[in-house]
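Protein sequence lines correspond, in order, to chains A, B and C.
Those letters in the first sequence? Residues 1 to 175, per the numbering used here, in order.
Those letters in the second sequence? Residues 1 to 1047, per the numbering used here, in order.
Those letters in the third sequence? Residues 1 to 468, per the numbering used here, in order.
Because the hints were derived from the structure by calculation, they are not lab data.
Watch out, some of these pointers could steer you wrong.
[Unchecked claim] Label pairs and their calculated CB-CB ranges:
#: 1; chain 1: C; residue 1: Thr331; chain 2: B; residue 2: Gln1006; range: 26 to 32 Å
#: 2; chain 1: B; residue 1: Asp1041; chain 2: A; residue 2: Trp82; range: 38 to 44 Å
#: 3; chain 1: C; residue 1: Thr424; chain 2: B; residue 2: Thr636; range: 29 to 35 Å
#: 4; chain 1: B; residue 1: Pro479; chain 2: A; residue 2: Trp82; range: 29 to 35 Å
#: 5; chain 1: B; residue 1: Leu1042; chain 2: C; residue 2: Glu76; range: 52 to 58 Å
#: 6; chain 1: C; residue 1: Thr424; chain 2: B; residue 2: Arg839; range: 29 to 35 Å
#: 7; chain 1: B; residue 1: Lys334; chain 2: C; residue 2: Glu76; range: 54 to 60 Å
#: 8; chain 1: C; residue 1: Ile316; chain 2: A; residue 2: Lys173; range: 39 to 45 Å
Note that CB positions come from ideal geometry on N, CA and C, so glycine has one too.
Residue-level listing of the chains:
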Amino acid sequence: MESNKNFVLGVFNDEDVLLDGVQKIKGGGVNIHEVFTPFPVHGLDHVLGYKRSKLPIAAFLFGLTGTILAITMQVGMMTVDWPMIIGGKDYLPVPTFVPVTFELTVLLTAFGMVGTFLVVADLKPWAKPKIFDIRQTDDKHIVAIDLADNEKDKAELELILKNSGAEEVKDKKFD
Amino acid sequence: MKKQKTYWKGIEELTKSPEYLKYAEKEFPDYLPIKEGKMKQDDNSDASRRDFLKMMGFGIAAASLAACEAPVRKAIPYLNKPVEVDPGIPNYYASTFYDGGNFASVVVKTREGRPIKIEGNKLSNFTRGTKTPQAESSVLSLYDKQRFKNPLKGGDKISWEDLDKEVKAGLASAASVKLVSNTIISPTTLKAIEEFKAAYPNAEHIQYDPVSADGILTANEATCGKRMIPSYDFSKAEVIVSFGADFLGTWLTPGVFAHQYGQTRKLNKNSKMSRHYQFESNLSMTGANADYRQGIKPSQEGLYVATLYNLIASKTGKPQLSISSVESSEHLKKAANDLISARGKSLVVSGSNDSNIQAIVNAINDALSNYGKTIDTDTPVHLKQGSDKAMSSFVNQAKAGRVGAVIFFNCNPVYDYAGGSELKEAISTIGLSISTSDRPDETNTIVEYIAPDHHYLESWGDAQPAKGHFSLSQPTITPIFNSRAASFNLLAWSGSNVEDYFTYLKSHWEEKMYPAVSGFPNFQTFWDKSLYDGVFELKNQPSEESEDSEAVAFSFNSGAISSAISNSYSLDGSGIELALYEKVGIGSGAQANNPWLQELPDPITKATWDNYLTISQKMAGEMGIDFKESNTKTVTLSHSGQSVEVPVLVQPGQAEGTVGLAIGYGRTNAGKVADGVGVDASVFVQVKDGIRHWFASEGVSVEPTGNPYRIAQTQTHQTYMGRDFVIQETVLSEFQKNPSAGRHSPHIATWTSEKGYKSPGDITLWNGHKYNNHHWGLAIDMNSCIGCSNCSIACSAENNIPVVGKEEVLNRREMHWIRIDRYYSSSGDTEDKSISGLRELEKAADNPEVTFQPMMCQHCNNAPCETVCPVAATTHSSEGLNQMTYNRCIGTRYCANNCPYKVRRFNWFKYHDNDQFDKNSAMNNDLGKMVLNPDVTVRARGVMEKCTLCVQRIQAGKLKAKLEKRRPVDGDINTACAEACPTDAILFGDMNDPKSALSEHLGIVQEEKRKGVKNPRAFHVLEELSVSPNVYYLTKVRNKDLEDTEA
Amino acid sequence: MEITAPVEKATDHSHEPVTASVRKPLVTGGKTIHDVTKDICGPVEAAPPKTWLLAMGLSSTVLLVGLYALLMTLWEGIGMWGLNKTVGWAWDITNFVWWVGIGHAGTLISAVLLLFRQKWRTSINRAAEAMTIFAVICAAVFPVIHMGRPWLGFYWALPLPNTFGSLWLNFNSPLLWDVFAISTYFSVSLVFWYIGLVPDFATIRDRAKNKISKLIYGGLSLGWSGGAKNWERYESVSLILAGIATPLVLSVHTIVSFDFATSVIPGWHTTIFPPYFVAGAIFSGFAMVLTLMLVTRRIYKLEDYITIHHIELMNIIIIVTGSVVGIAYITEFFIAAYSGVEAEQYAFTNRMTGPYWWAYWSMMTCNVISPQLFWFKKIRTSIAATFIISIIVNIGMWFERFVIIVTSLHRDFLPSSWAMFTPTLYDIGVYLFTFGFFFTAYFLFAKFFPVINMAEVKAVLKSTSSKE
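Whenever a hint applies, use it, and build me the whole structure from the sequences.
Here is the structure:
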């Protein structure tokens, strides 16, 4: 939304303090735009109240497609389209279909899931990410609060951040 | 005023219509189609031309691009199609192969006017469809690039007219004219020679043979009163004793003998077979097939023969020979007893050229009353009639400069006659020297005139291999080069006025043969019939000589012979003795320039592209030569001033104290293929008072040089490690007790089947496939396979098998689709499979039993190769063939690895149109390529290939039957190998056809999942793998007494 | 400062159990999170060290030399190698299996150890995965060039419609299973590796000084900004990837072993192959990881991240897998002896006592004897010893494949076709080519990519780093 212009940032440098702080901030009725961390902080999604992602379901569906594809391909090629006598085996040599079926299942699971992930996470080579603070990929955790979707004014928010353990508070403008 | 005449381009100009004027000045009319598109944008008429050029440019570019895609192949259609030639349909012509030593009545297969395959002529009662490897491969020699393209004088081209003129002049002025040739069996040529002699009274005709039978001729003159070679019949012999006669491989008419011998080794109808004793120095192919074999020194042969005579004479009341007899040999005594008990049903032969030995042999056969039974003196064989004495006297005269002119009539004495080197010097002194051979050889490099003969496939001719048996040859292709029938040369030079040789031949038959036959309305029908059949038999032929048919009393001067034998033979020769021999492939070396023969593995040593000194394992030990994986050392072999450096091959079965060396190698001017291959052994041929002997018993020295050498063998492991799942054999007595003796039938423990044991074929995951239409199969009788390798050559010719040369054979990459595995017995205990036991089993016995096992694709119904090919390039046909799709093959070689029989062959390199393989002359020059069989693909680099069971022949046979609206019956189709087998050891047929010879032979029964066989001898190699091949083998049975079976 | 109090409380929220007290530290030298960034990104940003240039020069020379042999083989034909009618595979497939085996450690380390939450993986998985990728590429070279007609084979082996009409593939062929297994394994490993790299690329991007690297790493990082939501997705993706990659790793070498196990050749036709090959693969893979890690560690001074403790843990795995392989060898013999199949028995006797006895015994010494030295803690924790043994193990594993392939083929059922195999210069050259490629690629990776997974190390830093 166009309102993403003015932010107040709280810079944390310890993940435990961050977890604690984020709870405090949310407790203070503040809508957090997003928290940026250099590494996965376990539990952060809980305190931010994010729902579990649905990627596993996507993965399963893609895997299923792989299995079906593999079986249809092999039966189609070996048995239906052009059956040939090979090594005295039947035209439908089921046991020999296992390996390829397995591999294709895995292949489609992996690619399907990662593809979905890139889409939902909006990751693409030409993406222009919003960098709130250059240190967010180094050693600092950044709590970004969008002024536009908070009633509280800038000063209040800064105070809340300070109290919740941010060692540094600053604001960021995007234009 | 003068009126100017005007011409109009057309009405338009006359009328000067505006649109005409608009375009009149333009070079390109605008109604060029190119303009259309252009018109719309702008009306600049130059655009049209530019476009035109653009498009033309593009057109040219496109055309040249298209041209890049594939090279243009030359395919010249018939302007007027010859009546008898249909593209794609082969024609067969009966003809006759004769190279001065080997004879065969053959049928020539031609495609679009090109001879591509030689097959035996089954109509011939003399050769009975058999032929030698030389005959089989002669078709490739036809397309030898090195043949003379023109008559030559001193190496320069000369016209036939000039040549005739000069030769006539020379002959007329010559003091004495010698016509030197190998044995000539063509009646018409002989007639021409008579005319020639008539024209030149001082002319003399000298016949000699590269390997002579002078001893037999002389002996028969002495004993039977006639200088001739009788015809032998091994098929009637229950006991065969041979002293160094390799009658299955090289002696006289090997093909014929092999055929007869084969009949005595079959165990289908009755359970009887011949017993064969062999006494020899080198392990010959014949010796390998013997039931009892003993190695003897050449210097002992006379005494062995004599002793055998005495043993028999004592029982038959014939005069004894006073010689120091052989006491030690059990085999000899055994042989004597067997012979006596098989009087009139036995045969004793010897390969010696010593007339005394041959005389004794005759005496033995006489004592056994074999004459008239297994030996027929009434139909003498006309081969090998050459006289050593005549030849040596010619050489002496030549050396003495008493020869005015000499014509070498299709012969090469400088190379293949003992005194060759001396002759060579002599020739240069002879005023007029002419050679008629059609390709370079050691003799015609030094003669003045070369009048090249046709190849036999290009020319008319006839032959009389034996009394009453005639065979015709007819051209199967127009002469490729400017050559002329040699016999016609003689006529031309003797001033006769026949216009061509054909009419001469025909008229000769008209006046000589036709009167003797009855039942033909006129000569033409007789001629056509004979020509169609290729052979013609004349019962009780009125022979040239006056007194003949009444049998002459057998005369045998025991006294003289005793002394002769005692003088020239002794039992206590201590030195090394050299025994020269002919190889089955190369023979006397006449066709050494034929790559098929050079790469044909020797039946015994499995060596290609070389000759070598065969020495016994004991001698090898003494010399410290370790012969492993074809790595060996050379030695210096010297005798009476002659010495050569030659590699050593350790040969089990080589008689102690003897060494063997093959003749026919070491050619110096035979052509690209043969030159420099091996060493020339003819320098060691001994001439004793004019008679040549192919051994040296004294003064032979063998000095190790220590130089390493590699002999290219296709098989380097000698024994079969006591693996009865590979080789299954027994002895006759056991077989008579139990026909399935020696069979190994694996049983696999399972806990599903109630009995607990199952045959491997019954254990399977799959339902199997029915082969409802045809189910092709092969049966191979290991008992009648003599290892002659005719099948291998036939396969190469039929299936365009590349020749890869010595280097690649050394890399174990030979391409033969059918190989003949040769296994020696080991003195080790076949049951002992401990580490030390296996070590023992790897060593061959000193005098081993030999087993031959032809091995080609087994066409497994559960083929391991098919399963593993990722791209389905090898699959099974609905007729049971394992088929290879060359186009689809990507060359992973997985199939070859997974083939338990290792019969698949990979194209490691590009073997065609590749200078690195120029010895593969059938694929590397335009002339050579004419031999290729158009029905079989020439395989590309990087693809797998293997025996197809001659699928192209199967298809042809099926098509033929289809045209005749019937099912193919037995005999319509035959594979090249089976066709070429002289002993019918390979049998091809349809296993679904209960009437086929194969089904009957094997006793095929249809079980619910697979086929079974009732013949107790039939087995699958590696049965426990349950790959269920369509190739069956029949057990090897030796006619040995049980107590004599060692190993 | 005054934020200490919350920390104590906050630790309860931490889902990572604090194990520093019981376990050995995985990262030494009291690194702060920022130090990690500095240490890992440093080499990427700095000019390459002399040692790197040297190594690079060396490996690329080997690459070029090998390339010549490779091109000659393609030009003249497979005949350039020492193969023959009896031994249709030798160095080509030996090298293939060897490389594939090496290519197992990477994914195994990341996937399996991730599932088991083995924190010590974090310092080594990145490099190990990279090694996997390159090893698999090297492996893939051989199936392609060992074909008689690679220019057709490389696409005819895929299930594509073709000009031969309805001519498809033969799904009975283990070689075709390989095609699917190897390509799946390669692409999945690649994805797994790349996903792991994304956050670190972002770090480098944000530190980048000059335009170009900003652009390149910006592109590579796919615009990663480290938002909590994405981290959550990211975690579940890598967890599932790990979950499917684990059976995949096992399946790949199982299928490779099918090439032999499903055949009929004595010495190949062995049901024990799948587990035995997988163990062997892990064995050689870990050995190769060690070899490389020790070099990298030296060049980039990463002693604090790849500690003796890591090395020791890996050596323990080497003892285990080495012993498994040893037992497999012995079992093979027992089964052969017990089977009562003559050809089978001979095949194994021939391995020990036949013409290729030396190959067999070097295999035994390198694979079974040498790893046992790791029972001694002194050797287990000695850099030098580890380096040497890790190389010995890979030599041994090469011989294992050589023994299986060549000694089984060269004497199978019919003694008539028994033959020997002798490699030519071109066999060796092509092998060199893959070496050249492997190390060139690895050194390029070590220069331009973060050799250690920063995000993961940072995540575990607090619980597992030691102050001094």
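So, going through the hints one by one against the coordinates:
1. C:Thr331 x B:Gln1006: 26 to 32 Å: violated, 42 Å
2. B:Asp1041 x A:Trp82: 38 to 44 Å: Cβ of Asp1041 (chain B) to Cβ of Trp82 (chain A): about 59 Å, so the range 38 to 44 Å is violated.
3. C:Thr424 x B:Thr636: 29 to 35 Å: holds, 33 Å
4. B:Pro479 x A:Trp82: 29 to 35 Å: At 51 Å between Cβs, range violated.
5. B:Leu1042 x C:Glu76: 52 to 58 Å: holds, 56 Å
6. C:Thr424 x B:Arg839: 29 to 35 Å: holds, 30 Å
7. B:Lys334 x C:Glu76: 54 to 60 Å: holds, 58 Å
8. C:Ile316 x A:Lys173: 39 to 45 Å: violated, 55 Å
In this structure, the hints that do not hold are numbers 1, 2, 4 and 8, in rising order.
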